[in-house]
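Based on the sequences and whatever the hints tell you, model everything.
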Amino acid sequence: MLELKAIDVTYPGPPPFTAVRHVDLTVASGTTVGLVGESGSGKSTIARAAIGLTPVTSGTVTLDGKDVTNPRGRTLRELRRTAQLVFQDPYASLNPRMEIAMAVQEAVSVASGERIGSAHCVRRATELLDRTGVPRAAMIRYPHQLSGGQLQRVSIARALATEATMLILDEVTASLDVSVQARILNLLRELQRDLDISMLYISHDLSVVRYLTDHLYVMRHGEIVEEGSSDVVFGSPQHEYTRTLLAAVPTMGGNRWRSRREHASVPPLSEEAERAAPVTPPADSVEAPTPVPRGTR
Amino acid sequence: MNDVILRVEDLTISTSGRDDPPPVRGVDFTVRRGEIVGIVGESGSGKTLTSLGIARLLPHGLSLDATTLEFDGHDLIGGSDRELRRLLGTQMAMVFQDPMSSLNPARKIGKQMVEAVREHRGLSKSAARELAVRSLEDVYITEPEKRLWQYPHELSGGMRQRVMIAMGLMSEPSLIVADEPTTALDVTVQAQVMQLLCDLNDRSGSAVLLISHNISLLSEVCDRIIVMFRGRIVEDLTTSKLLAGPDHPYTQALMRAVPDLATDRTKALETIADTEFDLEEPARA
Amino acid sequence: MTDVHPDHDGTDVRGDQRRRGTTRQMVRAFLSSPTGILSGLVLAALAVLVVMGPNGFGSAAVVSDLGRASEGPSEDFVAGTDALGRDILTRTLAATRTSILYATLAVLIAMVAGALIGGLLAAAGPRVRRIGGGVIDTMMGFGDILLAVVVIAIVGVGSQGAILAIAVAFTPNFARFTYSLVDSVMVRDYMAAAKVIGVGRSGISRRYVGRNVADSMAIVTFTAIAEGIMAMSALSFLGLGVQSPTFDWGQMLTDGVRNFYLNPYAALVPAALILVTGLAVGLFGDALARAVNPVLWSERPSLFAGRLGGRRPLVGKDVMGPGAAVETEGNRP
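Sequence order for the protein chains is A, B and C.
Numbering follows the UniProt record's numbering, in which position 200 of the first sequence is assigned residue number 200; successive positions increment by one, without gaps.
Numbering follows the UniProt record's numbering, in which position 62 of the second sequence is assigned residue number 62; successive positions increment by one, without gaps.
Numbering follows the UniProt record's numbering, in which position 251 of the third sequence is assigned residue number 251; successive positions increment by one, without gaps.
Take these hints with a grain of salt, some might be off.
[As the list claims (entries may be wrong)] Below, in silico cross-link-like pairs of lysine to any residue (SDA-like), each with a Cα-Cα straight-line distance of 25 Å or less: (1) B:267 - A:235; (2) B:241 - A:254; (3) B:267 - A:253; (4) B:241 - A:251.
Source of the hints: derived by calculation from the structure; they are not laboratory data.
Take a look at the structure:
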């Protein structure tokens, strides 16, 4: 269980800037908690403060009852074993000069003390990459040779390598295509179910947070403005800002910004005028995913 | 009067000197006057290249070919370069995803706006300045006179995007091409920009070609939506048809892949299972 | 072979195969650049001259024949003779070892010292960084040659003095460069990610900082060697470098310029060699840096792709190209 109590984070200036003000936040074991807010609301700062990357100015962070506020030395190492952070930009958060398998082996090595390349590291890294759905062929590639979705799977595998029970996910699908996002969200759901991990899911995307989380915090200008079970917050938002935020989310056929003009100069298109491509695309229209040549000999 | 503002037939954009499959292949569509048309697609679908191709702004190394590329009755393929620039500069407005990169960071907003409009319309300095103030008002920017003296970095992201739209509007374009204009913005700001585009369309009758990865967003504002996948149009349908249920499996999958506020939380999201539409394998760059 | 079983579908991630594939790809990437090959050939030729040294040319380079001083090109002397009647071409070639070796040595000393200072400074606290940065900037303000002259004034004229002088003169550049390079790597997301994973100091400095600065360091070192050769020549030209009877290109240039109207080749031939060497070293460094950067591997086809055992061309046609090539080779029995 992760608990943030009365957290303040002030970045030293000049001029000093308080990014997070008096935030209380709890992630109970085995649950997924959402943290939503717009850019500059301080949600990423909370992620970094919880994991000890950004110093907390005041307040306490506890993990499973242990004080891990501004951790050092042993406490830091223990925190890193239990809690992990996955970053937003998969291309930036992996070392461009390290093959995927090495990146995961490194994390296994740090957690287990075995050296990189040892039987244990290889086996465990392969296991983790299999578990997160990274194709075998991708394992010996460099980050720039993989798609964003694959890289985000790698980052998740790395986070799991330490046997973490608490994952902090900071906008992990923000840079992905929607169809890839759906798969990553499904993967996270599966992982949570199978490994019984807790998650703090940080996002600006309310629909995704609503889908994934049980409990929800809404942040604005460094403060929590609303908190509650996801169903309640989305069902009957209490705070004005939450309502504004919810109202701004585009929904299928929401039709809010358009005064569908009766006087429009354009008559509505007749349904016949619409064209749909044949359901099965012609053979050359779609590249089959590049088959990765296996060692054939 | 011809009611088609943009006609594209068999548009193909290819990478010159390489035998890769062209990133845009055989695309046909039309935009009618006053219409709001959306192009939706994921990365590698060719939606952005299509919009750049229409504005003849393709980066080096890419070449364009089409049977017809007609804007407001003018041929965009045959015409002289100068003619083309003048036409596109006045009649077609482009709005890009990152307004910071399309504005000159070292020059004041007013200077840039005045310069743009004088070049194309030959107005006097004071007339141009007046017009700039009026267009900033049109995009709901408060204290427009003051903004003219500010640099781009002094404005917020949403405001910069509105300035870009205002710049485009000064020449009273008949088509606004907006490529992911709100992707870098917060949802509340996105709502404002969308509202603005819709209002402008209502007021001035400018057609809008709105490119986005967000099918929900397009379904809210567009009359018609074009769905692209790996360089081709897979479906071109009215919004009402989209809402009633599209025919093409990719369009269906695209709609279901995005959770919305009503998605059942106890079930896994439907993914595009068909490997033909698998985007996780990187498309050929 | 390691004691790990290959995975069921034939792919595995064993280290030895991985490394072999990586090296092979680096070689291929290097061979795909025409400038790399060309500069490599020039450097190979220069290396032969370095190995031969002044004595490799017998007495022709040192024996003077005052009766035939400052002659123009002839059948006997391809590039003519100098003021003391020595064959210009032979003497220039014979001077290769001194000219290149001393400069390279000096630059390598500067590189190691500069990298150490810069790296430590980047890892230090804000106060040390500020003071150290100030000192480096001040030293850089003097300019290379002036700094070198000051050192020579202290240590004394001669080969050792010149080497030390250039090493000292180049160190601040390397320190400043390493400092900003490491600094730019330290703020990247992957560094934060490594810290969160719990990677230790040595792992971070080797696998993260080291690998990400290596290619830039290589370029700069090679460029610096080119500059070092020039600087060494400049010192000799000023009479502060190597002293007779030792000779290098700079010294020959000085002598040649004095008799420029009698035989211009006495100055032009060593000048040309300085130029060619400088260019070759610089271009070679550039090609090398490209070759070790995996991000650039797929950009250009290898000139010898077909001959290096790759049945599939190593071209950027598909993104998976290079990776796939590794895999194919890794699994070949």
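Hints, verified against the model:
1. For a cut-off of 25 Å, the pair hint linking residue 267 (chain B) to residue 235 (chain A) stands: about 19 Å separates their Cα positions.
2. Simply put, residue 241 (chain B) and residue 254 (chain A) have alpha-carbon atoms about 14 Å apart, close enough for the 25 Å limit, and the pair holds.
3. Simply put, residue 267 (chain B) and residue 253 (chain A) have alpha-carbon atoms about 23 Å apart, close enough for the 25 Å limit, and the pair holds.
4. Using a Cα cut-off of 25 Å, the hinted pair residue 241 (chain B) and residue 251 (chain A) holds, with the two alpha carbons roughly 16 Å apart.
The earlier numbered hints are all upheld by this structure, with none contradicted.
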